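Visitor: Residues per chain are reported as follows:
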Amino acid sequence: KAGVTQTPRYLIKTRGQQVTLSCSPISGHRSVSWYQQTPGQGLQFLFEYFSETQRNKGNFPGRFSGRQFSNSRSEMNVSTLELGDSALYLCASSAQGVSNEQFFGPGTRLTVL
Amino acid sequence: GQNIDQPTEMTATEGAIVQINCTYQTSGFNGLFWYQQHAGEAPTFLSYNVLDGLEEKGRFSSFLSRSKGYSYLLLKELQMKDSASYLCAVPWKLAGNMLTFGGGTRLMVKP
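Chain order of the listed sequences is A and B.
Count the first sequence with my numbering and you get residues 1 to 113, in order.
Count the second sequence with my numbering and you get residues 1 to 111, in order.
I should point out that these hints are in silico values taken from the structure, not numbers from a laboratory.
None of the values given here were measured: they were computed from a predicted structure.
Where hints are given, some of them may not hold.
[As the list claims (entries may be wrong)] Far from chain A, by Cβ distances over 10 Å, these chain B residues were calculated:
1) Asn3
2) Glu41
3) Thr44
4) Glu56
5) Arg59
6) Arg66
7) Tyr70
8) Pro111
[As the list claims (entries may be wrong)] Heads up, incomplete: computed chain A residues facing chain B, CB under 7 Å, no partners named:
9) Gln17
10) Gly28
11) Ser31
12) Phe45
13) Gly107
[Stated by the list, open to error] Reference listing, derived: stretches of chain A covered by chain B, where coverage requires no fewer than 3 residues with Cβ under 8 Å from a Cβ of chain B:
14) 48-58
15) 83-94
Using N, Cα and C, we set each Cβ at its ideal position, and we do this for glycine too.
Excised from the complex, chain B in its bound form:
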């Protein structure tokens, strides 16, 4: 089976840095996805990590440690528009496009 844990809510200040953690347990690992979802909208792809380490994409970075079953999403220079839910997901099987999602972390950015 698969299990993904993320904090339910986080609050941060505009301009600051926030780290959203995700721990997972899966029988076979084939990468980890991060998605952003604004209220009432569809999830949008942020990152995909399959190897250990940090991948940076502008203000957003994602880190993966396969041995620890751990990932985090790092958001720098927070903006009000970053207020959204952040979803961690892993493929359900090694073949096919089925994702098991964590419950999501609702991030509130305050002025």
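Pulled out of the complex, with its shape left as it was, chain A reads as follows:
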């Protein structure tokens, strides 16, 4: 069974630009969660999608958004990039809807210059 895939793996943007990251969950998994990881803040929850609906959202500004498609693939978008958005963005997929083991993708390393 293929694991969680994320594209692109690395990205360099400049302040003010926007970026879209993609995540393909494990086949059959309907829940996709996004996390931001930085050295200073650690791993922080961004949002979760389940069956194309955003089910939960973390404490991030509205510049961070996402969506999920009918095939469970998910995208997250960050608009008006700031230097502080430089981070590793991880997505995780899960089979069930409630506190189930999450499988993480390799992440997208975003650098904002």
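Go by the hints and put chain B onto chain A.
Guide: For chain B alone, kept in the frame of chain A given last:
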């Protein structure tokens, strides 16, 4: 709110045993996860405890005490490849897959 505390760094010797502690405060408890993360890689699942007690999985064991808000990960017969960060996490809400992570414990295994 939720709060999770773990030691920042630990050092141990190859072949030894190490215990990584995690204390948590959460408004509603729905289990506790341990993840391993090697530098530059994604976290990988190690264990999930929802009931009190010790669960063993090969060289790794995880313990939970809900009344004390406490868990530990026990690594036996340490190997160099066990050098990694170990993350303790609890679900943010009772429904859904949102985890609140501790800052992680960076374990260095020395020969």
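Visitor: Taking the numbered hints from earlier one at a time, note which ones the structure violates and give those numbers from smallest to largest.
Guide: 2, 3, 9, 10
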